[in-house]
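Engineer: Sequence:
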Amino acid sequence: MSSDEVDSDSDVEMKKEEQEEEEQDDDSGTMDIEDLDEQIEAARKQLAADPYDISSHVKLCALLRKNGDLDELTEARNAWNDVSPLPAAEWIRWIKDQQSIDDTLEAMTAIFEKSFQDFQYADVWLEYVQWACGHGPDFAKKVFEQAVEAIGLRFDKGAFMWEAYLDFLTIVFEAASDENRDKEFKILCTLYKRALSVPNWNVSQLHERWIEFADKYDVDEATKKEVDQEHKKAVKKLGEFKAWEKKLEESEFSIDVFSQYLEFEKDKGDISRIKSFFERIVEKHPDCENLWYNYGQWVEETLKRAADIRWVYERAVRNCYYSCGLWQKTLLAIENANGATEEIDRLWLKAKECISSPDDGRALYTTYVYLLRRRSDCNQDYALAGEIYAEGQKVLQEAWGHNWDPQFTFRKNYAWFAFTRLKDYKLGHRVWEDILASGGGRFADKWLAAIRDERQFGNDLTTARKMFYRALNSVSDHPHQIFEAIIQFEREEGTLEQLQAALDKVNTQVLQRASRPQKKEREENKTQKHNSNRPNTDQRNNRSAGHSEKRKSSSDSSHEHSPSTKRLRAEPPIETKAVLSVSPVVKDNDGFVVPGLPIRTSPSPSPTPPVHSGAGPSSDGKKWVIFVSNLDFKCPESAIEEALNPGVVKIDLRYRGMSKLNMGYGSVEMDTREHYEAALKKDRVLINGRPLYVNEHHKKDDDEKLTSSSFKYSTSLERKKLFVKNVHFDATDARLKEVFSQFGKVVDARIVVQKSGKAKGIAYVDMETEEAASKAIQAKELVLLDRQLEVFLSNPPKKSSMCSDMTSLTRKGHSSMIQLVPRATRVGNAKDAKKPAPTNGASKPMNNDQFRQLFNKCPIRLSDLKSDRRLSRFVGLMTPPLPDAMIPTKTTPTAASTTEAIKKPGNDSVDKDESHLLAPFEYIRRMPGKQVRSRLAMAFNDWLHIPQDKLKIIMEVVEMLHNSSLLIDDIEDSSVLRRGLPVTHSIYGVPRTINSANYIYFVALQKCMTLGFDATAVFTEQLLELHRGQGKEIFWRDTICCPTIEQYEEMVLQKTGGLFFLAVRLMLLFTGNEHNAKDFTSLFTNMALFFQIRDDYMNLCSPAMHAAKTFAEDLTEGKFSYPIIQAIHFKKGLNDDDDEVINILRQRTNDPELKAYCIKILQERGALEATSARLCELVRWINADLKKLGGNEKIGQVMAQLEKEISQ
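By this note's numbering, the letter at position 392 of the sequence shown is numbered 399, and the numbering carries on one by one without gaps.
If you're looking for bench data, these hints aren't it; they were derived computationally from the structure.
None of the hints are false.
With a straight-line cut-off of 25 Å between C-alpha atoms, the simulated PhoX-like cross-links for lysine-lysine are: (1) Lys765 to Lys688; (2) Lys249 to Lys200; (3) Lys765 to Lys641; (4) Lys689 to Lys744; (5) Lys254 to Lys239; (6) Lys66 to Lys121.
Quick list of simulated restraints, FRET-style, between CB atoms: (7) Ser261 to Lys433: 56 to 62 Å; (8) Ile218 to Leu112: 37 to 43 Å; (9) Pro413 to Glu1160: 21 to 27 Å; (10) Val402 to Lys1194: 54 to 60 Å; (11) Asn1005 to Ala397: 38 to 44 Å.
In this text, a Cβ means the ideal position worked out from N, Cα and C, and glycines have one as well.
All chains should be built: construct the whole structure from the sequences, respecting the hints.
Structural biologist: See the structure below:
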């Protein structure tokens, strides 16, 4: 490695900056001095506003240097160095400027030592030793020794320092007088020995230099042997170090490889080398907090010198000033090194500015308080420590509200400090009262601790007795502890009357608590009531034979008398015989349900021919259809066409409602029989690494027996087929075939893969002869990609008889299917279908499709379940029988309050337990809001004209889901405010809030079920989409994984668009208007994107949003919003992955200054402008969609209001 290859980064940077300065001087040589002064003044104003703006420091120093104001330049550099380490190039410029101002030994030594408080820059050390050579050999030797200790052991730059030292001592030796010549000669030989014992990139050239020196000056053989032995030791180590250096360079000097390299150095055990390597790492990665922690910990455990520990931690906080943990270490290290109290107090003022969370604040204040306590032990004056305790409570409480000390640890310690050190009983009592009043009063241990301190430090026992009686009525977790404690207290301190009064109070409390309705009792009462209404076994058996006819009769009667089943307009009868016929659910070999071809239904007064759908031609002899499955949900149709061509005519994939994602299966129509058969042979062809399953598309006619496609491979013993285990996941069919070809001809080799395309680690190999297969089995070692293969004859185990039973609609053990089909609706197999119907009057079981059509024809209301529980069996998958208390009344609740909507039938007041359950939900429901979703639903009804009772239920369902999702969102995002008020879980607690939100989800489902089966299906589908989108956003946030714009918008359509799509899709179920045939997809998509991107933009830029929530809350949450994604991808476009924005997101900061700085970065990168342009584009598209759909004034008003808020 040449010296050019290891030039320091600072040298390169300095050369570039000097070149730029020369070019600027050439371009602006006639620059007006007044203009330069204006720029200097502007830079100073910027620094006055933000002292941590490094770019302004750089600019100011460059301007002052150009202006020639060296005194002001020194002052500016000192100000810069106070807030941040300087780069090596700036230090070298400062040193050169200092030489022109004051070149005395004291001044120059001071500036060199000051630079080493930042980092052990190799270039600055070279400047130091070169300058020291002009101040006498003794002083220069001293500086050189310091330099080789700091730099000489480094593999990358140590050689430079050894060469410079050797050059210097060679000159001293040659210039020495005769009496000193032998002494200098020995010193020089010793230095060669030391230099050649250190492995570095230039050790071979140093050895050549030693040989020339030894020959020139006749070095004795003993000295030569010693030096050569040290050199050989270094050469042996050289290979390991070169390997690590290469690995480090290939990783672009990543922190991970540096850490591995460090462990290698630690294993060697050379303390000097480990310290030197730590310095090399922190110079390369100065902002790595964990690295400084490790460095400090190593110094504490190994060097154990207070001065060294202090030196490390003081430098750590200069680079990681945001780390409260490092500030704690620094304050303690200075105290341990007997540092000046003024220095500690000065650093404390800086340390408390970095507090970004209540945990950090409590820890930092606690550290400083007890530091002051130790300082005050000599004079017993703890007033200053008490002031800091009070300041900590005030500052943290103002910043984080009642969540600042959730475990009350800080305040408990404060109370104890007030009692024991400050001797201030009133203060200690006041702190305990604050604890008990802010949530601690529910816990027995808090009361017992407060009373213990009261008894120990109080003036009388009256206050303690009062606190005991207050605790009796307040404690909810372990009341028996209070019962026992108050009785023991009166035994120890009270009179007989007081003891008796305490016993009476305790007994009263015990009786009151025991009389409260317990969950167990309520459950037992419900079970007894349910069992009393349930018929006995004989009655059930007697009724089972005819239950189908009774259900049919009941449903028909319900249909005839239900006013909700009236049609808006008369429709001709539709022929549905083929659809309603009993047909088993057809599946392919891999467990996928084979969808039938679309069946065209048309009004017809007379029977129509049966509709054909299946593999092979239809009645016109032209259609050949195959069934494809195991598709990636994002797989485009073009990829399927490319895989199955030639002959693809039409591809029909099944999609998830209005989602862009397909359901993983569909049908493909081929043009000819030849192409159809060729496509079937392409079963398991890979599409983007995932196997495509290709099967025949079976017919579903009533009179035709089910013909499932047979498994293409034998399931019995085959003596020519080998079963291979322990196959490497990276192995290929070709490599496998190559391995087994040594035993004979290989007919086929195939690696078994999962549905995702990932290998299972097993394979099958077909040999041409049994002899070849036998040889492969008897082979001792078969290795493929460093794995030894296990080879057996293929003999799959027999499946149980249950697997072949067609009465089960799911395959046993199939991981992706769950048996949820009710027994009453299961379809029998082909043999059972031909058996005569039973003579006991029971009707023939129906499958889910038949039931769904009958259900749509005759909708069942959940209110009917109360009068006839047998109907709940008819509902099948929709709902189990409901307990009486949960069955809604026949009249849909009309009150706006959710509490009123779920009252028990026949009860005028809400149950007390129910009100407690709903309290969190009622809290967020009462918050002021724009009611945008309700207004949009009303606006869409101007088009759809659905009945008002249906619209009311839909609006209630959507509002319930919206508010419930907000409860969960606030917990997941650790929010502080919602609509300008404290978030719900900060008042009611996380468990209670989650339970209330989940409860409302099911209440909303219960209300939606009154709208019919199709409404329930829409509800389920959109709620699943909402949680899929929410899951993506949480995953990106928690793993610091930035999505693309396309991925983000897809997530928005699932999450934000979920409830909006739900509302309109439910409305479309009940409209008879011609708009039902129109496509609202484009409008839905654009509005969902507009709402979410607008929210992201407002979160960063809107003062009103900041007041309603907190300033730039998305940055605190670490959320990848639209502007942030734009900014991050802008930086990636510059091939720079170390992004400031990502690093800020990772901190999840509460610091408003850091947030403002991040917003400034977004603005500089054009992310906010791009977001605003995207919003304008979406507004244009929404207006165009509205115009295309005939216009809607109410939607226009909502959009105008939202646009106005953006402009404000």
